[in-house]
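**Q** These protein sequences, in sequence, are chains A and R.
Going left to right, the first sequence walks through residues 33 to 343 as my numbering numbers them.
Going left to right, the second sequence walks through residues 33 to 343 as my numbering numbers them.
Just so you know, the hints here were simulated from the structure itself, not pulled from any lab data.
Here the structure is a predicted model, which is why all the values come from computation and not from measurement.
Do not rely on the hints blindly, as some may be mistaken.
Same chains, same names: a pair is fine if it fits in one copy or spans any two.
[To be verified] Pairs of lysine to aspartate or glutamate residues, derived as EDC-like cross-links and limited to a Cα-Cα distance of at most 16 Å, are as follows:
1) Lys71 <-> Asp37
2) Lys340 <-> Glu300
3) Lys49 <-> Glu305
4) Lys292 <-> Glu322
5) Lys340 <-> Glu306
6) Lys101 <-> Glu317
7) Lys105 <-> Asp93
8) Lys315 <-> Asp275
9) Lys340 <-> Asp37
10) Lys292 <-> Glu317
11) Lys278 <-> Asp224
12) Lys105 <-> Asp164
13) Lys292 <-> Glu318
14) Lys292 <-> Asp313
15) Lys340 <-> Asp43
16) Lys49 <-> Glu226
17) Lys292 <-> Glu336
18) Lys101 <-> Asp37
19) Lys278 <-> Asp247
20) Lys282 <-> Asp164
21) Lys278 <-> Asp313
2 protein chains.
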Amino acid sequence: MAVIDRFFEGDRRALAKIISHIENRAESYRQVLARLYPKTGRTYKLGFTGPPGAGKSSLVDSVADVYLKAGEKVGIVAVDPSSPFTGGALLGDRIRMAHLSNQENAFIRSMATRGSGGGLAISTKDVCIALDAFGFDKNLIETVGVGQVELDIVNAADTVVVVLVPESGDTIQAMKAGLMEIADIFCVNKSDREGSDRLAAELVMMLDVKRHDSDWEYPVVQTSATKNTGIDILIEKIQAHRDYLKSSGKFEERRRRQVKTEIYRHLEERMLEEVHNRIGDLKLEEIIDEISSGASDPFTKATEIFEKYFR
Amino acid sequence: MAVIDRFFEGDRRALAKIISHIENRAESYRQVLARLYPKTGRTYKLGFTGPPGAGKSSLVDSVADVYLKAGEKVGIVAVDPSSPFTGGALLGDRIRMAHLSNQENAFIRSMATRGSGGGLAISTKDVCIALDAFGFDKNLIETVGVGQVELDIVNAADTVVVVLVPESGDTIQAMKAGLMEIADIFCVNKSDREGSDRLAAELVMMLDVKRHDSDWEYPVVQTSATKNTGIDILIEKIQAHRDYLKSSGKFEERRRRQVKTEIYRHLEERMLEEVHNRIGDLKLEEIIDEISSGASDPFTKATEIFEKYFR
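Okay, chain A solo, but in the shape it has when bound (with noise of 0.2 Å):
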């Protein structure tokens, strides 16, 4: 497959299709996946997560900026469910793909949500492995949101920042968002505006807890990327995460919980196909008409789906 060696050679083109490729999940992508998974696992992830609103693509641009500055090759990853109004990526995308677009060493791809469920957290870790593949320092993963599927992307990255702002609410509307648990830093945007210090205070008091329970000190950092301010401390935190995953011996875990991940969600993926192959449209809807008379019942039929096909 010549366009697999372009990609190994650099060829960003080749990899714009790699990509295109495996997100279409078009034929032998698995194929393609195995070949490029070996030379995978230099790239460092970085995720950023948060409510909508918050300026985590200022941000993200902001940190990829310094990246870019020091030499570093940089892809970035924004998931970006689109909207049946715009049928695809939104116009505020576009332009900052232009921008990025523009520097040799930086990629930057947009996923939009396909509607289905896990679809999207598995095309986004795909999409991951060919970034890393072909050899990128850095790997920032945006994903716009607060909800479980999207805590499952950031979390497959190796230092994970959630991305707060003063307007942003009260700390409690974050911690139900379930976005404590997932947070190796915590980044207050948006600083210039009223409530900063505020929210900043009352994350380092919840924090106290959690620290308890680890060596890793949780920082809280204060940024503005419109204005600049903050980033060369929140680049000085995740470079001081990063040393402390490494020589805590939690860097080769969280590793291997990635791996554990990825076995996982092909295999649930195989077995979901393998139930469409053999069940069939028609005959899934005979199954529907049984239920819906009330001859029988979802959980007795897949019961009977999966005995009499996977036993």
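Knowing the structure of chain A, use the given hints to seat chain R on it.
**A** Chain R in isolation, oriented as in the chain A frame:
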């Protein structure tokens, strides 16, 4: 099983027990679900979702109060990711539950995230099945957050209300969060605050496109749950949507889609269980070692496991 008989006699403590049983995936929970299922289908399911801080809980309580006053039985399922700091439901929910639990015809269940992606969606749907079988007229399902799993949960509802607030930022953020796609009714809550009219007007404008593709005229309702304004109009619009679904045949369609999802999710769960049972933790660690050493990759290994156990 005595508890299930008491359940069918309308014993609320039996309901709580059955729900815990299902939620914990306790022994033979599938048989329990299979016994409940034939009694389901009568409850009208209302999903409420939107960004954190939109006041969904208060709104759901206000809507529930109206139905309760009309003599209906109302079940509420609040999906509320718990934090490691609190270890369970937050204080606000306890207060709320105390208030509603005193009402004979009301039942509220707070569901906490258990860290796994699909698990929450699965057990939430099962709890809704129990409520349906128990004979509630309305089931209000409330999810905090805007993630894909959360959207999947409310998508299983008959009518989906998306709740926004003036300060939840520009509407583009709502679009980004994928909320537009699943909404049947839009609700601008906290409408006494500045910017409410503007947000409502923006939504109406944006909905123009969506309205062209559908017979349903997506309403935008302004409410204030705390001041109890607009709730009656919201209730009217919910009724109108229900009438629309029933008269257009779309109700049947949605319910069939729900059954299909049910079959798949239980099948998926069965298959993953089977994988865990057959591979075992020790064997999995060996596989991870092999991959970590570079001797294999997750895709090849997933295929091997699949071929060995499921073909």
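**Q** Determine for every hint whether it applies to the structure shown.
**A** Going through the hints against the structure:
no. : hint              : verdict
1   : Lys71 <-> Asp37   : within (13 Å within a copy, 59 Å between copies)
2   : Lys340 <-> Glu300 : between (18 Å within a copy, 14 Å between copies)
3   : Lys49 <-> Glu305  : neither (24 Å within a copy, 36 Å between copies)
4   : Lys292 <-> Glu322 : between (38 Å within a copy, 12 Å between copies)
5   : Lys340 <-> Glu306 : both (13 Å within a copy, 14 Å between copies)
6   : Lys101 <-> Glu317 : neither (57 Å within a copy, 40 Å between copies)
7   : Lys105 <-> Asp93  : within (13 Å within a copy, 51 Å between copies)
8   : Lys315 <-> Asp275 : neither (55 Å within a copy, 31 Å between copies)
9   : Lys340 <-> Asp37  : neither (43 Å within a copy, 32 Å between copies)
10  : Lys292 <-> Glu317 : between (35 Å within a copy, 8 Å between copies)
11  : Lys278 <-> Asp224 : neither (34 Å within a copy, 52 Å between copies)
12  : Lys105 <-> Asp164 : within (11 Å within a copy, 54 Å between copies)
13  : Lys292 <-> Glu318 : between (37 Å within a copy, 11 Å between copies)
14  : Lys292 <-> Asp313 : between (32 Å within a copy, 10 Å between copies)
15  : Lys340 <-> Asp43  : neither (47 Å within a copy, 38 Å between copies)
16  : Lys49 <-> Glu226  : neither (45 Å within a copy, 47 Å between copies)
17  : Lys292 <-> Glu336 : between (29 Å within a copy, 15 Å between copies)
18  : Lys101 <-> Asp37  : neither (29 Å within a copy, 70 Å between copies)
19  : Lys278 <-> Asp247 : within (13 Å within a copy, 58 Å between copies)
20  : Lys282 <-> Asp164 : neither (20 Å within a copy, 46 Å between copies)
21  : Lys278 <-> Asp313 : neither (50 Å within a copy, 25 Å between copies)
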